[in-house]
Every structure is written in structure tokens, then in C-alpha cells.
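Using the sequences and the hints, build the whole thing.
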Amino acid sequence: MTIMFSILNTRMTLIQKLFANNPIPVNIVGKNQNASHIKRVRKGLICYNNLLDTLKVAEKEIQFTLTVTYLCHVPKIICYVYFVITVIYKSKFSGYNLIPMLDMILACMAVTAPALFAELTKNTVDKIKKILGSQLLRCSDESLRYELEITLEYVIQRPFSFSIWRAVSLDASLPVAMTSLCITYVIVILQLTQLRP
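Numbering (the numbering used here), first residue to last: 667 to 863.
Each statement offered as a hint is correct.
Computed cross-link-like contacts, SDA-like style, restricted to lysine to any residue with a CA-CA straight-line distance of at most 20 Å:
{"#": "1", "residue 1": "Lys756", "residue 2": "Thr859"}
{"#": "2", "residue 1": "Lys788", "residue 2": "Cys713"}
{"#": "3", "residue 1": "Lys788", "residue 2": "Gln729"}
{"#": "4", "residue 1": "Lys795", "residue 2": "Leu818"}
{"#": "5", "residue 1": "Lys788", "residue 2": "Ala724"}
{"#": "6", "residue 1": "Lys796", "residue 2": "Arg706"}
{"#": "7", "residue 1": "Lys788", "residue 2": "Ser827"}
{"#": "8", "residue 1": "Lys709", "residue 2": "Thr676"}
{"#": "9", "residue 1": "Lys796", "residue 2": "Asn715"}
{"#": "10", "residue 1": "Lys795", "residue 2": "Arg706"}
{"#": "11", "residue 1": "Lys788", "residue 2": "Leu818"}
Keep in mind the hints are simulated off the structure, nothing from the lab.
Written out as C-alpha cells, the structure reads:
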């Protein structure tokens, strides 16, 4: 999932560069220059649409995989954090304790990385909106202005967003929520183990 969302972010960045490398002058002289600008705007819109359509086709599989990943890794992270706290508390740190710590780091990356790449993709889409808006303000040609308006409206109406079963939004708030959840359960486990005789 990390690789897939990383590729998605890379593709969205390429679309942003396609729009950014289409400098729209205030006065366009010649139909050829106008046609090339229109062609670039349309190409960017088609690429954006195809990228979101591809994500939509694989949405259920991605949601299932992310759900299984979170259900498997979050309890593991909670147990590893508890293990690290008990090792530090008992002062029994050794080389053998590094393996669970490395596994905990990998589990944390598996949980947080897709959400971070999804947030980067959202930021890239926001940059695309700003680029199209500034180009629209500078443009004086009616046909190019029309293409820019359609593209900007499409990006506004269909922004990038991804949620897991319409319950959990995949963005920068997810790692914070996961951290809060793990801390809460580690505290509960610590309190329960302290009550044992």
C-alpha cells in the first residue's frame, strides 16, 4: 500500500508539473500557440481523470488491504510498546530486544506511510487548483479560458480523497489517531498488569 500511494503521489506531482510548465501569457499571438496551450490543459485533465478512475476501480481491494494491515499491525504495535516500556522499566535491555523494536518500527511505517502519501497527494491537488486559478486570471483568450475553467471546476468537483469503508479518512490525521489509540491501550495494559498480585 505504501508503494501504491507513493506512485499515486508521484503521478499527481507529474500532472502538477504538466500544468505548471504551461505558462499562459496575458496576450496569446497565433492560433498554433493557443492550440498547444489548450492541448496541454486537456492532457492534464485527462491524466487527472484517468488517475482517479484507476484508483476508483481498485478502491475495494485497497480498502480491504488497508483494513487487514491496520487490524494486524495496531495490536502488534500496542504489544511492542508495552514490551519496550517493561524492558526499560526492568533495565533488562539486550541485543535480543532490538528485533521486536525493529519490527515495531516496520509496523508503524506500514500503518502511517499510506496516510502520509495520501496527504501529500491532497496537497498536490491543492497546488494544481492554485496553478489553474492563477492561469485563469492571466488568460485573455476565450477558448483557452474556457478550457481552464472546465479543468479547474472538474478538479474542484472531484478532489482526491480516500477513506476506508467511509469511516476512516486516509490523511495526516490517521497517524495521530493511531498514536492516540496505541497510547490509550498501552496505559490500560500497564494499569491492568500493575493490579496483579
